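J.: In case you want the letters, here they are:
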Amino acid sequence: MSESKNLLPLFLTVAARVDKRSFDDVTRESVITDLGIDSLSMMQIVGEMETELKIQIPDEDLVEIITVGDLCSKVEHRLV
Amino acid sequence: MGSNKHEVEVSYDVSNEFFRLWLDERMNYTCAVYESAHESLEAAQLNKLSILSDFAKVTADKSVLDIGCGWGACLEYLATARSVKRAVGVTLSSSQAEEVNRRKLPRVECVESDFMKWETSEKFDALISICMMDHLCSPEEARKGRAIDIYRAYFKKCWDVTTPGAWFGLQTILRNKIPRQKKDLEDIYFCTHVIFPGGLNPRLEDIVQAVNPYWEIITVKQRRQDYQRTTAEWLRRMRLHEARIRSEWGDRVFDDYDRYLSTCVRAFDQFYSSLAQYELRRCDA
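Chains A and B, in that order, give the protein sequences.
Residue numbers for the first sequence follow this note's numbering, beginning at 1 and rising by one.
Residue numbers for the second sequence follow this note's numbering, beginning at 81 and rising by one.
Isolated chain A (complex conformation):
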């Protein structure tokens, strides 16, 4: 991962916009479903991050995403 591209703030901004609430104490180890983010919101978050960063994440990558860090890693991989 490029340390200069910390995607956690972007995730938090987009998640707050999609779910219309703020998220506190979130780390890369946080499990996405534990944050109350359902699969519908998750796909919207992915879509907004794709649009923001002008990338596309293949659907098969999304199956493996459990934590916030998993999602950030998938996004980072596409930025390389």
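For lysine-lysine, the following DSS-like pairs were computed, each having C-alpha atoms within a straight-line distance of at most 27 Å:
1. B:Lys262 <-> A:Lys54
2. B:Lys203 <-> B:Lys137
3. A:Lys54 <-> B:Lys257
In case anyone wonders, no lab produced these hints; they're calculated from the structure.
These figures come from a predicted structure and were not determined experimentally.
Here the structure of chain A is known, so what remains is to put chain B in place on it, guided by the hints.
T.: Then chain B, alone, in the frame of chain A:
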């Protein structure tokens, strides 16, 4: 596993008369194949049946099994246009089975059964199955990683009911790209859970993986745009009968099917869904 009898009847037993209002005259409820810009739905549905029959190497001396036979459009085509020796259809829907048997098509029999539980000693020379696979695996089963095993069991059952040297004309709707927009996600969830409960469209890679070791893929044809055009025509025809549908079957039926068909048109346009036809040869080695 997949859609049970009750769930299949939710999808297909609204009323035969309801579906007759907006499907083609033979009541094909699957993707047609358009060969020109101005071709009718009726002609395009015959193209589809011809392609799949050719994939299955159907000739007059053969017995053919149609798995998920719907209201019998393919069985009728096999018996009349191809004059096959015998054509057997299997459907889990009571309305569909009654409709097929009511027509007393020559050399045609329709069995009301779950294909995966159907017990027969008969072996067929050719198979056709049109968009039945989306009833085999539920979303819950797919999430547990069981999709490939379920689809492979289906292909094994297909192998078990055929003679050596058999060919298989298969058509499947496919799920392709997961939407990222809320409305699209909600509409596709609605179609999956309200219109076709218990079912899930397979992915192309699922099929490619699951046919082994029973069938060899010879040809795959992608028909995404054909299905967009087919569903758009179904929607156009259904809306012509809005008043009658609302009067006879209620606002809920019209609104649900309007939403479902509108979603289909958009899903094929946006690559969320697709459709493929496969020419499969039985592996006998």
